[in-house]
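Could you put the whole structure together from the sequences, leaning on the hints where they help?
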Amino acid sequence: QKEVEQNSGPLSVPEGAIASLNCTYSDRGSQSFFWYRQYSGKSPELIMSIYSNGDKEDGRFTAQLNKASQYVSLLIRDSQPSDSATYLCAALTGGGNKLTFGTGTQLKVEL
Amino acid sequence: EAQVTQNPRYLITVTGKKLTVTCSQNMNHEYMSWYRQDPGLGLRQIYYSMNVEVTDKGDVPEGYKVSRKEKRNFPLILESPSPNQTSLYFCASSSDGDRGLRYTFGSGTRLTVV
Numbered sequence: 635q636k637e638v639e640q641n642s643g644p645l646s647v648p649e650g651a652i653a654s655l656n657c658t659y660s661d662r663g664s665q666s667f668f669w670y671r672q673y674s675g676k677s678p679e680l681i682m683s684i685y686s687n688g689d690k691e692d693g694r695f696t697a698q699l700n701k702a703s704q705y706v707s708l709l710i711r712d713s714q715p716s717d718s719a720t721y722l723c724a725a726l727t728g729g730g731n732k733l734t735f736g737t738g739t740q741l742k743v744e745l
Numbered sequence: 809e810a811q812v813t814q815n816p817r818y819l820i821t822v823t824g825k826k827l828t829v830t831c832s833q834n835m836n837h838e839y840m841s842w843y844r845q846d847p848g849l850g851l852r853q854i855y856y857s858m859n860v861e862v863t864d865k866g867d868v869p870e871g872y873k874v875s876r877k878e879k880r881n882f883p884l885i886l887e888s889p890s891p892n893q894t895s896l897y898f899c900a901s902s903s904d905g906d907r908g909l910r911y912t913f914g915s916g917t918r919l920t921v922v
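Same order as they appear, the protein sequences are chains A and B.
For my numbering, add 634 to where a residue sits in the first sequence, where the first one is 1.
For my numbering, add 808 to where a residue sits in the second sequence, where the first one is 1.
Going by beta-carbon spacing under 10 Å, a handful of chain B positions derived as facing chain A:
id: 1; residue: 841
id: 2; residue: 843
id: 3; residue: 851
id: 4; residue: 852
id: 5; residue: 853
id: 6; residue: 856
id: 7; residue: 858
id: 8; residue: 866
id: 9; residue: 867
id: 10; residue: 898
id: 11; residue: 910
id: 12; residue: 911
id: 13; residue: 913
id: 14; residue: 914
id: 15; residue: 916
Since the hints were made in silico from the structure, they are not lab data.
Every value quoted in this text rests on a predicted model; they were computed, and no experiment measured them.
Ideal placement from N, C-alpha and C gives every residue a C-beta, glycine not left out.
Here is the structure:
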């Protein structure tokens with residue numbers, strides 16, 4: 635079982651819709667979770683972090699964490715074509731010294 | 809400007825010819841890490857360092873070496889590159905925050921071994 639799992643997509647949503655990206659993790663000891671965005675040919679960029687159960691909002695982005703279900707999600711409201719990218723979920727594992735990534739979900743926002 | 813600088817951006821080399829990819833950060837970060845990214849496999853950690861002279865293996869360390877003699881530099885060494893090490897490599901750094909690692913990534917090095 636992979637430590638962090640994501641559906642590879644592509645996930646296609648129309649402009650203005652809500653995009654929902656999901657991630658599960660296997661290490662129950664993980665306490666910190668991150669969402670990175672990666673445009674094609676570019677390096678990953680941190681967009682959200684979440685540490686406690688519940689929701690965390692930042693502009694159009696909302697991260698959700700459910701530690702009991704070992705589930706992390708990212709909602710993007712009012713999706714724009716510029717949101718088209720691969721979204722990487724990451725969890726801090728190995729006692730807090732190791733950041734493990736999922737394989738990423740490709741998001742396409744269509745006009 | 810706060811940044812992680814990798815060099816070179818692109819490299820084509822032959823099997824068995826030793827090479828070094830350099831990584832430098834100007835943010836006084838304690839943590840540094842090397843990842844490789846391959847289609848369908850995502851980002852996989854090669855090695856990481858928690859501070860000067862402290863390094864540990866990630867998930868795919870075979871065929872790689874690292875050193876951390878100075879806080880700002882974390883070079884990746886391929887002693888005898890093989891074609892299966894053809895990949896996109898990223899260096900990243902983070903402060904040792906109480907909320908865990910928030911990595912800033914370099915621009916990447918695309919390595920081709922023929």
